[in-house]
Every structure is written in C-alpha cells, then in structure tokens.
Amino acid sequence: KNEVEQSPQNLTAQEGEFITINCSYSVGISALHWLQQHPGGGIVSLFMLSSGKKKHGRLIATINIQEKHSSLHITASHPRDSAVYICAVSAGGSQGNLIFGKGTKLSVKP
Amino acid sequence: EAGVAQSPRYKIIEKRQSVAFWCNPISGHATLYWYQQILGQGPKLLIQFQNNGVVDDSQLPKDRFSAERLKGVDSTLKIQPAKLEDSAVYLCASSSQGGGEQYFGPGTRLTVT
Chain X
1 KNEVEQSPQN LTAQEGEFIT INCSYSVGIS ALHWLQQHPG GGIVSLFMLS SGKKKHGRLI
61 ATINIQEKHS SLHITASHPR DSAVYICAVS AGGSQGNLIF GKGTKLSVKP
Chain R
1 EAGVAQSPRY KIIEKRQSVA FWCNPISGHA TLYWYQQILG QGPKLLIQFQ NNGVVDDSQL
61 PKDRFSAERL KGVDSTLKIQ PAKLEDSAVY LCASSSQGGG EQYFGPGTRL TVT
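Which chain is which? The protein sequence lines are X and R, in order. The numbers in the working numbering rise by one with no breaks, and the one at position 108 of the first sequence is 108. The numbers in the working numbering rise by one with no breaks, and the one at position 95 of the second sequence is 95.
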C-alpha cells in the first residue's frame, strides 16, 4: 500500500463544476503539499499546509490531521485548470523530502 | 526572481550510454532535490543536498547514478550506463531550507532506446 493515496485517479468535469480531489496518507507528517503539473511542464506548488484550511483564488485546500486526510477543491472550474494534481507529504522527522501520491488527472471540458 | 533552471529539456540516448543533467536552483536556496518521475507515477526522491552535503540518497541507484553539488549551488545528476527503465522525467527542486516549500524546475525528459 502506498503511503500517499489519491482519489480519483482521473476526473472529467464540465466547466463551472465544483471539483474535489482527495488525499489520504498513512505516515506522520510535518506538512502536506498540493502541487499542479501541466502536460510537458514542471510542477508548481499550490499549497503547503499543516493544519486547517488555505484558500487562493478558486482553490481551497483543507487538512484533517486526526483523520490523515486532505482535500483540494476547485470552485467554478475552467478548462485551464486541466492538469495533474499531486498530493505530497513531508514525513515527520524528515529533512523535507516529499512522498508523492500518483496524482489525479483532471480534465475540464468547455 | 529567477526560477529553478534545468538543462537539457529533452534527451534521447541508447541503452548503455551515459547522460548528465544540470540544475541551477533559486539563488540562496540551500536545499536541492533530484526526483525521478516515471510516466503515470508521482515523483520519487533520488537525492537531497543541503548546501554541498548529501542529506538523503537512500533511493539513488548508486551502481549507475551519481550526483554532485560541489560548490553548494548548481548540481549535476549522471547516469552511467543508462537502462531502458531509466526513461523518465528528472525533476530538480530547491527550497530555502529542508522542510520548506519546494520550487520545481521544468524537468528533463529522458528517453532511453
């Protein structure tokens, strides 16, 4: 079993829909990261959080430390949101290296 | 502020050949990471540097992979000899300190034929 599990693996949505991507982890962590990767492109950090909730534009990330679960929400989705969204954790006690999930491939149709 | 730079962006080699990748982190970032991302999977850490010292290289296949960061700034990752299963995107990332937010370069896509 992977230490970081994401669901769903693939997600297709219509423009304007509310989107949720889930991440569960099985190790103690110091922080959880949500990252975005466009086809052929590098990775962009969206959020780094260790508790509660963060919001940036149409993106919202939440984390429940007790349940070892995080969600990434996208409100009013747009075709330009199409990308792979990756959840990664910094394991507690580590020097900062990340354990990654396999990613969720999101496609938003106009 | 300039981002993390990597070169080359793409490389195609035959198996058993050698290849080297270069990374220049964000200025002032002490921590540098090399990740391998095989198609359809999340990235996997190969090696982490803190300045010019190695913090974690437990997942680096040391029989064929090597990396250095001699002056604590830019870094090179080498594969010698390459195998078909090394085909992947090699990502470099940096952070101001271990555990901080990481900034990723565009990656080098390696194809081994």
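Hints in this document: simulated from the structure, not taken from any laboratory. The C-beta atom is built at its ideal place from N, Cα and C for all residues, glycine as well. Incorrect hints may have been included.
Ranges of calculated distance between the beta carbons of each label pair, as one might list FRET restraints [claimed, not checked]:
1) X:102 with R:84: 20 to 30 Å
2) X:5 with R:39: 17 to 27 Å
3) X:102 with R:97: 40 to 50 Å
4) R:16 with X:73: 25 to 35 Å
5) R:66 with X:15: 43 to 53 Å
6) R:100 with X:39: 25 to 35 Å
7) R:96 with X:75: 27 to 37 Å
8) R:14 with X:40: 16 to 26 Å
9) X:26 with R:39: 38 to 48 Å
10) R:14 with X:55: 43 to 53 Å
Here are the simulated BS3-like cross-link-like pairs (lysine-lysine), alpha carbons at most 30 Å apart as the crow flies [what the hints assert, rightly or not]:
11) R:44 with X:105
12) X:55 with R:15
13) R:44 with R:62
14) X:105 with R:83
15) X:54 with X:109
16) R:71 with R:11
17) X:54 with R:44
18) X:105 with R:71
19) X:68 with X:102
20) X:54 with R:78
21) R:44 with X:53
22) X:109 with R:78
23) R:83 with X:102
24) R:11 with X:102
25) R:11 with R:83
26) R:62 with X:102
27) X:102 with R:71
28) X:53 with X:105
29) X:55 with X:68
30) R:71 with X:68
31) R:11 with R:78
Negatives, chain X to chain R, calculated, CB over 10 Å [to be verified]:
32) 16
33) 17
34) 27
35) 33
36) 35
37) 44
38) 45
39) 55
40) 80
These are the hints, each one checked on the structure:
A C-beta distance of roughly 21 Å is found between residue 102 (chain X) and residue 84 (chain R), which places it inside the suggested range of 20 to 30 Å. Between residue 5 (chain X) and residue 39 (chain R) the beta carbon distance is about 19 Å. The supplied range of 17 to 27 Å therefore holds. The hinted range of 40 to 50 Å is not satisfied by residue 102 (chain X) and residue 97 (chain R), whose Cβ atoms lie roughly 27 Å apart. Taking 25 to 35 Å as the suggested C-beta distance range, the pair residue 16 (chain R) and residue 73 (chain X) does not conform, at roughly 48 Å.
A beta carbon spacing of about 47 Å between residue 66 (chain R) and residue 15 (chain X) agrees with the range 43 to 53 Å that was offered as a hint. A C-beta distance of roughly 27 Å is found between residue 100 (chain R) and residue 39 (chain X), which places it inside the suggested range of 25 to 35 Å. In this structure the hint that residue 96 (chain R) and residue 75 (chain X) lie 27 to 37 Å apart at CB holds, the actual value being about 31 Å. Under the hint 16 to 26 Å, the C-beta atoms of residue 14 (chain R) and residue 40 (chain X), about 23 Å apart, fit the expected range.
Between residue 26 (chain X) and residue 39 (chain R) the CB atoms are about 25 Å apart, so this pair departs from the stated range of 38 to 48 Å. Residue 14 (chain R) and residue 55 (chain X) have their C-beta atoms about 49 Å apart, which keeps the hinted 43 to 53 Å range intact. As the CA atoms of residue 44 (chain R) and residue 105 (chain X) are separated by approximately 18 Å, the hinted pair is consistent with the 30 Å bound. A distance of roughly 46 Å separates the Cα atoms of residue 55 (chain X) and residue 15 (chain R); the hinted pair therefore is violated under the 30 Å criterion.
Between the alpha carbons of residue 44 (chain R) and residue 62 (chain R) the distance comes to roughly 15 Å, so the proposed pair stays at or under 30 Å and holds. Restraint check for residue 105 (chain X) and residue 83 (chain R): the C-alpha separation of about 28 Å stays at or below 30 Å, so the hint holds. With a C-alpha separation of about 26 Å, the suggested pairing of residue 54 (chain X) with residue 109 (chain X) holds against the 30 Å cut-off. With a C-alpha separation of about 26 Å, the suggested pairing of residue 71 (chain R) with residue 11 (chain R) holds against the 30 Å cut-off.
Distance hint between residue 54 (chain X) and residue 44 (chain R) is fulfilled; the C-alpha atoms sit about 26 Å from each other, no more than 30 Å. The straight-line distance between the Cα atoms of residue 105 (chain X) and residue 71 (chain R) is roughly 38 Å, outside the 30 Å bound, and the hint therefore fails. Proposed proximity of residue 68 (chain X) and residue 102 (chain X) is supported: the alpha carbons are some 17 Å apart, at most 30 Å. Taking the CA atoms of residue 54 (chain X) and residue 78 (chain R), the gap is near 39 Å; set against the 30 Å cutoff, the hint is violated.
Among the hinted pairs, residue 44 (chain R) with residue 53 (chain X) is consistent with the structure: their alpha-carbon atoms are about 27 Å apart, no more than 30 Å. Distance hint between residue 109 (chain X) and residue 78 (chain R) is unfulfilled; the C-alpha atoms sit about 41 Å from each other, more than 30 Å. The straight-line distance between the Cα atoms of residue 83 (chain R) and residue 102 (chain X) is roughly 23 Å, inside the 30 Å bound, and the hint therefore holds. A threshold of 30 Å between alpha carbons decides the hint, and for residue 11 (chain R) with residue 102 (chain X) the separation of about 24 Å falls inside it, so the pair holds.
Using a Cα cut-off of 30 Å, the hinted pair residue 11 (chain R) and residue 83 (chain R) holds, with the two alpha carbons roughly 14 Å apart. Taking the CA atoms of residue 62 (chain R) and residue 102 (chain X), the gap is about 25 Å. The hint holds against a cut of 30 Å. A hinted pair counts as satisfied when its Cα atoms are at most 30 Å apart, and residue 102 (chain X) with residue 71 (chain R) does not qualify at roughly 34 Å. The straight-line distance between the Cα atoms of residue 53 (chain X) and residue 105 (chain X) is roughly 23 Å, inside the 30 Å bound, and the hint therefore holds.
Note on residue 55 (chain X) and residue 68 (chain X): the hinted pairing holds, with a Cα-Cα distance of about 20 Å set against a maximum of 30 Å. This hinted pair does not check out: residue 71 (chain R) and residue 68 (chain X) have alpha carbons roughly 39 Å apart, beyond 30 Å. Distance hint between residue 11 (chain R) and residue 78 (chain R) is fulfilled; the C-alpha atoms sit about 13 Å from each other, no more than 30 Å. Interface exclusion of residue 16 (chain X) from chain R stands, the closest Cβ pair being 29 Å apart, more than 10 Å.
Distance check for residue 17 (chain X) against chain R: the nearest CB is about 25 Å away, which clears 10 Å, and the non-interface claim stands. Distance check on residue 27 (chain X): its Cβ is at least 14 Å (rounded) from any Cβ of chain R, clearing the 10 Å threshold; non-interface status holds. Not every CB of chain R is more than 10 Å from the CB of residue 33 (chain X) (nearest about 8 Å), against its label as outside the interface. The claim that residue 35 (chain X) lies off the interface is violated: its Cβ sits roughly 8 Å from the closest Cβ of chain R, which falls inside the 10 Å cut-off.
The claim that residue 44 (chain X) lies off the interface is violated: its Cβ sits roughly 7 Å from the closest Cβ of chain R, which falls inside the 10 Å cut-off. Consistency note on residue 45 (chain X): stated as away from chain R, yet its beta-carbon is not over 10 Å from all of that chain's, at 6 Å minimum. The beta carbon of residue 55 (chain X) is kept farther than 10 Å from every beta carbon of chain R, the shortest such distance being approximately 17 Å. Every beta carbon of chain R lies more than 10 Å from that of residue 80 (chain X), the smallest distance being close to 18 Å; the non-interface claim holds.
Going down the numbered hints, you'll see the structure goes against 3, 4, 9, 12, 18, 20, 22, 27, 30, 35, 36, 37, 38, while the others check out.
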